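A.B. asks: Given the sequences, and given the hints that come with them, work out the whole structure.
Protein chains: 2
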Amino acid sequence: MATYNVDRPENVDGEDFSNYFSAYGFLYNQKEMLEDPHRMASYYNAILGNKACFKDKVVLDVGTGSGILAVWAAQAGAKKVYAVEATYMAKHAEKTAVANGFGDVIDVIQATMEEAELPEKVDIIVSEWMGYFLLRESMLDSVIIARDKWLKPDGAMYPSHATLYVAPIFDFTDDRRALEHDTALDNWGHFTEDLERKYGVKFGCLDASYKEECKQYFYQSALWVDSHPSQMLADRTAVKEFDILTLTLDELKSNHGGSVKTQMRMTPVAVENCHNAINGVLGWFDADFRGCPSNPAPKPVTLTTEPTTEGATHWGQQQFHINPAIAVNNDDTLSIDWEIRRQKQNPRLLEVTYKLEVEAAATGAKSAAALHHFKVD
Amino acid sequence: MATYNVDRPENVDGEDFSNYFSAYGFLYNQKEMLEDPHRMASYYNAILGNKACFKDKVVLDVGTGSGILAVWAAQAGAKKVYAVEATYMAKHAEKTAVANGFGDVIDVIQATMEEAELPEKVDIIVSEWMGYFLLRESMLDSVIIARDKWLKPDGAMYPSHATLYVAPIFDFTDDRRALEHDTALDNWGHFTEDLERKYGVKFGCLDASYKEECKQYFYQSALWVDSHPSQMLADRTAVKEFDILTLTLDELKSNHGGSVKTQMRMTPVAVENCHNAINGVLGWFDADFRGCPSNPAPKPVTLTTEPTTEGATHWGQQQFHINPAIAVNNDDTLSIDWEIRRQKQNPRLLEVTYKLEVEAAATGAKSAAALHHFKVD
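Read top to bottom, the protein sequences are chains A and B. According to this note's numbering, the first sequence holds residues 108 to 484 in order. According to this note's numbering, the second sequence holds residues 108 to 484 in order.
No lab work stands behind these hints, which were simulated from the structure alone. Keep in mind the model is a prediction, meaning the values are calculated, not measured. Among the hints, erroneous ones may be present.
Put simply, identical chains are the same to the list, so a pair is met inside one copy or across any two.
Below are the DSBU-like pairs computed for lysine-lysine, each with C-alpha atoms no more than 30 Å apart in a straight line [unchecked claim]:
1) K202 to K305
2) K162 to K305
3) K164 to K406
4) K406 to K305
5) K451 to K158
6) K138 to K482
7) K186 to K305
8) K187 to K309
9) K164 to K309
10) K309 to K198
11) K322 to K228
12) K347 to K186
13) K305 to K138
C.D. replies: Printed below as a string of structure tokens:
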């Protein structure tokens with residue numbers, strides 16, 4: 108009886124620190140995020156491209172990690188930066204602040220954001236809180252709590268807005284996943300035969316349970332992908348838009364639970380390229396840095412994680428499979444009702460349910476609505 | 108900011124269930140253990156090769172998982188089997204019991220062993236509790252607690268004994284690890300140069316911290332290996348032997364903390380094959396099924412995880428690197444003082460410290476003692 112890492116951690120009260128924060132306690136992981144060029148350029152331009160917004164301001168960096176956003180804020184002219192970090196990484200952030208000549212400007216506070224005490228209110232909150240499919244990790248909760256407690260009434264949030272997007276796709280590698288699924292089931296068959304023959308124990312009674320486990324793993328778990336724009340069969344559609352300055356914690360939690368309708372029209376060229384079929388829906392996000400009404404950013408910046416030909420950010424996109432594929436034609440309309448909830452066992456992870464319907468452009472006929480369940484683990 | 112799994116989970120009170128047990132809640136993981144032929148044959152022979160020991164007995168299976176040991180105990184003639192399992196896997200064990208015709212004999216109890224209440228004391232406790240390097244996972248604690256609470260005074264433990272072994276080795280693939288280590292440091296150098304040039308932030312102040320992180324990861328973390336017997340440079344030596352029938356929880360915990368001396372003499376042929384050098388120490392275990400004095404097993408069985416030419420068990424061996432390698436000659440004597448402790452942050456994981464000294468057979472001269480620290484994560 109021996110396993111290394113826990114594949115799919117559950118979560119109950121009090122277990123959050125070790126399950127969640129410890130992943131950010133190693134420089135190796137920080138380095139990976141610091142090597143994401145689009146992430147880096149977006150935050151760099153948002154802060155150092157808008158120095159006027161930061162000049163002489165008091166800034167709070169929620170989850171500073173290696174301390175890079177705090178250093179940029181100081182370089183942009185902030186008179187004081189409070190850099191809050193729960194993990195041991197806080198010690199590194201302190202060194203980085205000193206090494207970059209901002210030992211007096213940046214105060215690193217090793218604490219969770221909920222526990223941290225600042226000596227004053229702040230003009231700007233910067234944070235890189237976005238997870239896969241935007242909402243995974245639920246770190247936005249801590250940012251909203253920080254805003255309500257520490258941001259001055261006319262203060263700014265960086266990013267100021269975030270939007271969750273989706274688009275239907277055809278994934279040419281999807282066959283491989285189906286093959287892996289079928290192979291896993293075949294293996295189970297051989298395994299139970301062997302077990303009975305060699306050791307006299309019948310395990311066939313678990314066939315259905317194993318089949319269900321495989322279905323959940325291969326077909327109901329969202330997959331990290333780096334999709335190519337040519338795989339998209341319609342323009343992107345926004346599922347949810349968040350104004351980080353006004354969003355409440357209640358809204359954020361109920362937004363996850365609420366149902367949202369999206370409609371997309373199939374684009375002719377894409378559909379033809381993709382054998383007139385959809386076998387997945389792709390989800391990703393944009394984050395916008397626009398400042399706030401009283402202190403708008405002269406040069407607004409958008410960090411997008413959408414499919415590009417230049418390679419994915421470390422967030423990539425999340426792919427929700429559709430198996431079997433659904434036939435579509437030019438100009439057909441795809442309607443999807445979305446429900447995004449937090450997982451009960453670990454509220455930092457997500458459960459996504461979507462109901463999908465295709466209306467044929469030629470006849471107006473509607474396909475039967477198909478319901479899909481996914482986990483974003 | 109996005110990571111998938113937590114690589115190296117920490118642990119504090121109350122977090123044990125999600126971090127530890129959830130790894131055993133999937134049939135996929137159970138299947139992996141049930142496909143380990145040496146593990147399977149050993150338990151099968153220990154139970155069904157000693158039917159006389161089990162006939163009309165009351166048996167407790169600690170951590171039954173898929174329920175296979177419980178079914179074998181019932182097949183061996185047990186009149187009642189209590190199968191305790193903390194995870195959802197208990198539901199599968201129940202089905203397995205019924206499907207194999209032992210619905211009335213096997214009572215599955217979904218609970219941790221510490222919480223489980225049995226209606227009577229038992230004659231035999233069976234359990235597959237062994238982790239990497241025998242002691243990782245600390246599941247033996249629960250078995251000892253079960254024994255003290257539920258085993259009749261003259262009852263038997265399966266396994267009845269366990270031994271932790273070590274041997275010096277030369278690993279021909281060790282260069283690769285050194286190369287990976289050096290590459291990681293090189294990459295860090297390029298990364299910090301880029302960061303300063305592109306984004307104006309100095310990270311050189313973290314060089315030493317990153318170097319230390321790499322050292323811990325590449326050179327101070329025990330590695331799962333499937334070693335070949337020809338890599339061993341001396342006969343195996345026992346570090347610790349455990350009599351599972353008499354071992355106390357206090358002894359178990361203090362055994363982990365106590366220092367133990369081992370001595371090994373280099374075997375000529377092996378040393379010549381291996382360039383007269385040691386670059387690692389290998390650790391593994393045997394588990395013995397001998398029954399107990401009042402109910403001895405007519406056919407004792409040993410489950411060994413030592414290097415063989417037939418391929419590793421799923422436990423493999425744990426390799427502790429020595430870098431740089433140490434020169435040795437035929438008949439030299441290797442002395443090692445061992446300390447095996449539980450990690451403070453997660454007591455299910457281990458910390459191993461060993462002090463190593465070589466006495467030259469030719470001259471009697473002793474090398475300077477070198478101290479090595481490792482984590483078994």
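A.B. asks: Compare the structure with each hint and give your call.
C.D. replies: Hint check results:
no. : hint         : in the structure
1   : K202 to K305 : between (61 Å within a copy, 20 Å between copies)
2   : K162 to K305 : between (75 Å within a copy, 22 Å between copies)
3   : K164 to K406 : within (18 Å within a copy, 79 Å between copies)
4   : K406 to K305 : between (71 Å within a copy, 19 Å between copies)
5   : K451 to K158 : neither (42 Å within a copy, 46 Å between copies)
6   : K138 to K482 : both (27 Å within a copy, 23 Å between copies)
7   : K186 to K305 : between (74 Å within a copy, 24 Å between copies)
8   : K187 to K309 : between (68 Å within a copy, 19 Å between copies)
9   : K164 to K309 : between (70 Å within a copy, 23 Å between copies)
10  : K309 to K198 : between (56 Å within a copy, 15 Å between copies)
11  : K322 to K228 : neither (50 Å within a copy, 42 Å between copies)
12  : K347 to K186 : neither (35 Å within a copy, 61 Å between copies)
13  : K305 to K138 : between (50 Å within a copy, 15 Å between copies)
Of the numbered hints stated above, those contradicted by the structure are hints 5, 11 and 12, listed in ascending order.
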